[in-house]
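Peer 1: Sequence:
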Amino acid sequence: DPTAPSVTFHTARGAVSFSVELATTPRQRALGLRLRASLPADHGMLYVFPREEEHPFFMKQTLMPLDLVFLDAAGRVVALIAEAPPDDPTHLHAGVPSLRVVELPGGSGARHGITIGTPTTLGGEAARAIAAE
Numbered sequence: 001d002p003t004a005p006s007v008t009f010h011t012a013r014g015a016v017s018f019s020v021e022l023a024t025t026p027r028q029r030a031l032g033l034r035l036r037a038s039l040p041a042d043h044g045m046l047y048v049f050p051r052e053e054e055h056p057f058f059m060k061q062t063l064m065p066l067d068l069v070f071l072d073a074a075g076r077v078v079a080l081i082a083e084a085p086p087d088d089p090t091h092l093h094a095g096v097p098s099l100r101v102v103e104l105p106g107g108s109g110a111r112h113g114i115t116i117g118t119p120t121t122l123g124g125e126a127a128r129a130i131a132a133e
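Its first residue numbered 1, the sequence shown is counted upward by one per residue in the numbering used here.
Honestly, I wouldn't trust all of these hints.
To be verified - Label pairs and their calculated CB-CB ranges:
| no. | residue 1 | residue 2 | range |
| --- | --- | --- | --- |
| 1 | H10 | R34 | 28 to 34 Å |
| 2 | T25 | Q61 | 15 to 21 Å |
| 3 | T3 | P89 | 35 to 41 Å |
| 4 | L35 | A74 | 31 to 37 Å |
| 5 | A74 | A37 | 31 to 37 Å |
| 6 | P26 | H93 | 26 to 32 Å |
| 7 | R13 | R51 | 30 to 36 Å |
| 8 | S38 | T90 | 18 to 24 Å |
| 9 | T3 | L92 | 30 to 36 Å |
| 10 | L35 | A82 | 20 to 26 Å |
| 11 | S17 | G117 | 27 to 33 Å |
Please keep in mind that the hints were generated in silico from the structure rather than gathered at the bench. Backbone N, C-alpha and C fix where the C-beta goes; we use that ideal spot for every residue, glycine too.
Hey, can you work out the whole structure from these sequences and the hints?
Peer 2: Below, the structure is given as structure tokens:
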């Protein structure tokens, strides 16, 4: 479905796309992927923030490990936290400003070769949500 929100990472190994749910409001961003037991390997959540700044995350009540991929305004990966442990209340900091964050199933970054500097493109509703900023 070309209207479904997606994020494509253009890695040295080739392009890999994930269907994403959008978290564009403060409430959606606060809920995130909490209380979900699993996530399909090709799915994730795209957090869209109003400002490019450091956005700490925590895994409290998140039931599965996740990779947190931080993107700048140009859509490049600026930080990656791999395999964030489930149900950990510790705040996770990328150490750099970001405008968007993609949560993916734990291990996705390593499995697909997603690294700092990897460019991304947004598709469907994800692209429209960014254009509306």
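Peer 1: Evaluate each hint against the coordinates.
Peer 2: Hints and how they fare:
1. H10 and R34 have their C-beta atoms about 30 Å apart, which keeps the hinted 28 to 34 Å range intact.
2. Our hint of 15 to 21 Å for T25 and Q61 holds, since their Cβ atoms are close to 19 Å apart.
3. As the Cβ distance of T3 to P89 is approximately 37 Å, the hint placing it in 35 to 41 Å holds.
4. Here the CB-CB span from L35 to A74 is close to 33 Å, well matched to the stated 31 to 37 Å.
5. The beta-carbon spacing between A74 and A37, approximately 35 Å, falls within the hinted interval of 31 to 37 Å.
6. Distance hint check: the CB atoms of P26 and H93 are about 19 Å apart, inconsistent with the given range 26 to 32 Å.
7. Here the CB-CB span from R13 to R51 is close to 32 Å, well matched to the stated 30 to 36 Å.
8. Between S38 and T90 the Cβ separation comes to about 22 Å, which falls inside the hinted range of 18 to 24 Å.
9. The beta-carbon spacing between T3 and L92, approximately 32 Å, falls within the hinted interval of 30 to 36 Å.
10. Our hint of 20 to 26 Å for L35 and A82 holds, since their Cβ atoms are close to 22 Å apart.
11. The given range of 27 to 33 Å is broken by S17 and G117, whose C-beta atoms sit roughly 19 Å from each other.
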